[in-house]
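Peer 1: Model the full structure from these sequences, guided by the hints.
Protein sequences appear in the order of chains A and B. With our numbering applied, the first sequence corresponds to residues 1 to 236, in that order. With our numbering applied, the second sequence corresponds to residues 1 to 207, in that order.
Keep in mind that a hint or two might mislead.
Keeping only pairs whose Cα atoms sit at most 27 Å apart, straight-line, the calculated BS3-like set for lysine-lysine is [unchecked claim]: (1) A:K10 with A:K47; (2) B:K201 with A:K13; (3) B:K19 with A:K100; (4) A:K25 with A:K44; (5) A:K69 with B:K189; (6) B:K8 with A:K227; (7) A:K13 with B:K187; (8) B:K158 with A:K17; (9) B:K187 with B:K197; (10) A:K227 with B:K188; (11) B:K34 with A:K69; (12) A:K140 with B:K158; (13) A:K25 with A:K13; (14) A:K180 with B:K69; (15) A:K69 with A:K80; (16) A:K44 with A:K186; (17) B:K19 with A:K140; (18) A:K140 with B:K113; (19) B:K24 with A:K69; (20) A:K140 with A:K123; (21) B:K19 with A:K102; (22) B:K113 with A:K178; (23) A:K87 with A:K17; (24) A:K195 with B:K24; (25) A:K25 with A:K147; (26) A:K186 with A:K17; (27) A:K195 with B:K113; (28) A:K10 with A:K69; (29) B:K69 with A:K17; (30) B:K121 with B:K8; (31) A:K10 with A:K180; (32) B:K11 with B:K187; (33) A:K47 with B:K79; (34) B:K24 with B:K11; (35) A:K227 with A:K180; (36) A:K17 with B:K113; (37) A:K198 with B:K188; (38) B:K45 with A:K198; (39) A:K180 with B:K197.
Just so you know, the hints here were simulated from the structure itself, not pulled from any lab data.
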Amino acid sequence: MTINNLSIFKSEKPILKNISLSFYKGINTFLCGTCASGKTSLLKAIKNNNEYNEIKIEGNVAVLLENEKFLESTVEKELKYYSLSLKQQQFIQQYFDSEKLKQNPNALSFYEQKVLLLCTSFKQKSEILFIDNLYSYLNKFDLAQFKSFFQENAITVVLVSTDIEQALDYEYMVVMDKGKVAIEGKTLSVLLEEKLLKRLGIGLPFYVDLSLQLKSYGLIHDIYLNKEDMAGQLWK
Amino acid sequence: MEISTYIKKEKINAIHSDKDIYDKNYVQVRQNYKNQTVTEYIVEKTNCTEERMLSSFRLVNLEKDIVYKNMMDLSSSEKIKVELAIPLILNEEQIVLYYFDLYFMEKDLLFFKKLFCKLVKKYHKTIVLIQSKFSFTFDFADFFLFYSDEDHIETFEKNELFQIEFENSVLGVPPILMFIKYVNHSKKKIGNYTDIKELIKEIYREV
Numbered sequence: 001m002t003i004n005n006l007s008i009f010k011s012e013k014p015i016l017k018n019i020s021l022s023f024y025k026g027i028n029t030f031l032c033g034t035c036a037s038g039k040t041s042l043l044k045a046i047k048n049n050n051e052y053n054e055i056k057i058e059g060n061v062a063v064l065l066e067n068e069k070f071l072e073s074t075v076e077k078e079l080k081y082y083s084l085s086l087k088q089q090q091f092i093q094q095y096f097d098s099e100k101l102k103q104n105p106n107a108l109s110f111y112e113q114k115v116l117l118l119c120t121s122f123k124q125k126s127e128i129l130f131i132d133n134l135y136s137y138l139n140k141f142d143l144a145q146f147k148s149f150f151q152e153n154a155i156t157v158v159l160v161s162t163d164i165e166q167a168l169d170y171e172y173m174v175v176m177d178k179g180k181v182a183i184e185g186k187t188l189s190v191l192l193e194e195k196l197l198k199r200l201g202i203g204l205p206f207y208v209d210l211s212l213q214l215k216s217y218g219l220i221h222d223i224y225l226n227k228e229d230m231a232g233q234l235w236k
Numbered sequence: 001m002e003i004s005t006y007i008k009k010e011k012i013n014a015i016h017s018d019k020d021i022y023d024k025n026y027v028q029v030r031q032n033y034k035n036q037t038v039t040e041y042i043v044e045k046t047n048c049t050e051e052r053m054l055s056s057f058r059l060v061n062l063e064k065d066i067v068y069k070n071m072m073d074l075s076s077s078e079k080i081k082v083e084l085a086i087p088l089i090l091n092e093e094q095i096v097l098y099y100f101d102l103y104f105m106e107k108d109l110l111f112f113k114k115l116f117c118k119l120v121k122k123y124h125k126t127i128v129l130i131q132s133k134f135s136f137t138f139d140f141a142d143f144f145l146f147y148s149d150e151d152h153i154e155t156f157e158k159n160e161l162f163q164i165e166f167e168n169s170v171l172g173v174p175p176i177l178m179f180i181k182y183v184n185h186s187k188k189k190i191g192n193y194t195d196i197k198e199l200i201k202e203i204y205r206e207v
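Peer 2: Printed below as a string of structure tokens:
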């Protein structure tokens, strides 16, 4: 999927300025940015891609916006439950039992609505799935469940989030600022652009930050991304 | 006992839960905004003067010219700032924020941490932050409530955080906390820090 030189204006003011980006199947991407940098506007443009010649899509792409409205009268209908595979139905049953499936989606709890939004991606049979902030609502257990389900089903995720700790789970990273792409590349190489990220007000994941600072004192010589490796290097 | 009975007045309270404790009156980005300007929206909610609105906007770091923008055209971070301005205009004693940190990166989060501390110390407000992760709150909240159901509410003061057993918790735990607990358990006794700079100083002294 490619975006070539996309600009969008709202009330004559530019929201996105000459955005060019590519998203590839199999490469999970973490997309973050400063406040009002155009992240959600970009997702909305991808969702309404038929309005923009600058967006070229091959295959199925789905976009899950954080405050999406439910249009159907039951959870079951919203999910197109009976058209889904057995595996997908089993996954959904962990969260919505037969009684819940008959409920109106708008009557679900706040947390269940966020889970339902994520589950609606199944009916779209997407190969690349754009998720706007939804992962940040999930508890650790449910987050792991969704991540592994998408991975097992070869669904590539582009996560829009402010939770920088999550970035390390993604191969590629894009940072937006004032409607433009400020930097993009392999996640660790982007995170090592410490000065640029600091200028944008974007922090580093704890282990990257700790590694860089300890490296500058000559206490370690590499980047260590988990507690075992980091502690193992410091206290051999 | 209701969770609200645990809230400590004139403190920053952090409620972390894997259950739903949603209330439509909390400070949060709404699902539906009408086609109206920010001024119209604020006046409808608070019936305040322009001067009062602008002073609250300054407090939450919103620029003056936002008043002419349409609510539907705002970014999520601008919307949540407008929502936070409302209880400040109304001078509410208690402000409850729902998943507030989702809309901001580090620099802005630091700004709001300072603002919440100021609201408590200078204006005697009670702040309640509700979210599943506590990476945002652990280094500045005064009081923590971990809530899974009404029969199981655990409360902790700031200095008790390092005694909590998180390994099997479904809550998102700050990596600095997990790292220190791991080092203390398997390598060497080090101090309990919430600030990475303080942790680095100790590592520098010890390694």
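Peer 1: Against each hint, give a clear statement of whether it holds in the structure.
Peer 2: Verification of the supplied hints:
Of the pairs offered as hints, the one joining A:K10 and A:K47 holds, with about 17 Å between alpha carbons and a cut-off of 27 Å not exceeded. At most 27 Å may separate the alpha-carbon atoms for a hinted pair to count; B:K201 and A:K13 exceed this at roughly 47 Å. A hinted pair counts as satisfied when its Cα atoms are at most 27 Å apart, and B:K19 with A:K100 qualifies at roughly 17 Å. The suggested pairing of A:K25 with A:K44 holds, with an alpha-carbon distance near 20 Å, which does not exceed 27 Å.
As the CA atoms of A:K69 and B:K189 are separated by approximately 51 Å, the hinted pair breaks the 27 Å bound. At roughly 34 Å between alpha-carbon atoms, B:K8 and A:K227 are farther apart than 27 Å, so this suggested pair is violated. Our distance criterion of 27 Å between C-alpha atoms is broken by A:K13 and B:K187, whose separation comes to about 56 Å. Under the criterion of a C-alpha separation no larger than 27 Å, the hint pairing B:K158 with A:K17 is inconsistent with the structure, at around 45 Å.
As the CA atoms of B:K187 and B:K197 are separated by approximately 20 Å, the hinted pair is consistent with the 27 Å bound. With a CA separation close to 13 Å, the supplied pair A:K227 and B:K188 stays within the 27 Å bound. Pair hint B:K34 plus A:K69 holds up; C-alpha atoms about 15 Å apart against a cutoff of 27 Å. Restraint check for A:K140 and B:K158: the C-alpha separation of about 22 Å stays at or below 27 Å, so the hint holds.
The hinted pair formed by A:K25 and A:K13 fails the criterion: a straight-line CA distance of about 33 Å is larger than 27 Å. Straight-line distance between C-alpha atoms of A:K180 and B:K69 comes to about 21 Å, which keeps the hinted pair within the 27 Å bound. Proximity of A:K69 to A:K80 is assessed by CA-CA distance (about 16 Å); at most 27 Å being required, the pair is judged to hold. Proximity of A:K44 to A:K186 is assessed by CA-CA distance (about 25 Å); at most 27 Å being required, the pair is judged to hold.
Between B:K19 and A:K140, the direct Cα distance comes to roughly 12 Å. Compliance with the 27 Å bound is thereby established for this hinted pair. Simply put, A:K140 and B:K113 have alpha-carbon atoms about 24 Å apart, close enough for the 27 Å limit, and the pair holds. Proximity of B:K24 to A:K69 is assessed by CA-CA distance (about 16 Å); at most 27 Å being required, the pair is judged to hold. Annotation: proposed proximity of A:K140 to A:K123 holds, straight-line Cα distance about 24 Å (limit 27 Å).
Between B:K19 and A:K102 the CA atoms are separated by roughly 21 Å; this keeps the pair inside 27 Å, and the hint holds. Taking the CA atoms of B:K113 and A:K178, the gap is near 24 Å; set against the 27 Å cutoff, the hint holds. The suggested pairing of A:K87 with A:K17 is violated, with an alpha-carbon distance near 42 Å, which exceeds 27 Å. Under the criterion of a C-alpha separation no larger than 27 Å, the hint pairing A:K195 with B:K24 is inconsistent with the structure, at around 40 Å.
This hinted pair checks out: A:K25 and A:K147 have alpha carbons roughly 16 Å apart, not beyond 27 Å. With a CA separation close to 23 Å, the supplied pair A:K186 and A:K17 stays within the 27 Å bound. In summary, the hint linking A:K195 to B:K113 is supported, as the alpha carbons are separated by about 23 Å, within the 27 Å threshold. Between A:K10 and A:K69 the CA atoms are separated by roughly 22 Å; this keeps the pair inside 27 Å, and the hint holds.
The suggested pairing of B:K69 with A:K17 holds, with an alpha-carbon distance near 20 Å, which does not exceed 27 Å. As the CA atoms of B:K121 and B:K8 are separated by approximately 14 Å, the hinted pair is consistent with the 27 Å bound. Taking the CA atoms of A:K10 and A:K180, the gap is about 15 Å. The hint holds against a cut of 27 Å. As the CA atoms of B:K11 and B:K187 are separated by approximately 36 Å, the hinted pair breaks the 27 Å bound.
At roughly 22 Å between alpha-carbon atoms, A:K47 and B:K79 fall within 27 Å of each other, so this suggested pair holds. Only pairs whose Cα atoms come within 27 Å are accepted, and B:K24 paired with B:K11 is accepted, the gap being roughly 22 Å. Restraint check for A:K227 and A:K180: the C-alpha separation of about 35 Å exceeds 27 Å, so the hint is violated. The suggested pairing of A:K17 with B:K113 is violated, with an alpha-carbon distance near 32 Å, which exceeds 27 Å.
Taking the CA atoms of A:K198 and B:K188, the gap is near 32 Å; set against the 27 Å cutoff, the hint is violated. Restraint check for B:K45 and A:K198: not satisfied, since their Cα atoms lie roughly 37 Å apart, outside the 27 Å limit. A hinted pair counts as satisfied when its Cα atoms are at most 27 Å apart, and A:K180 with B:K197 does not qualify at roughly 32 Å.
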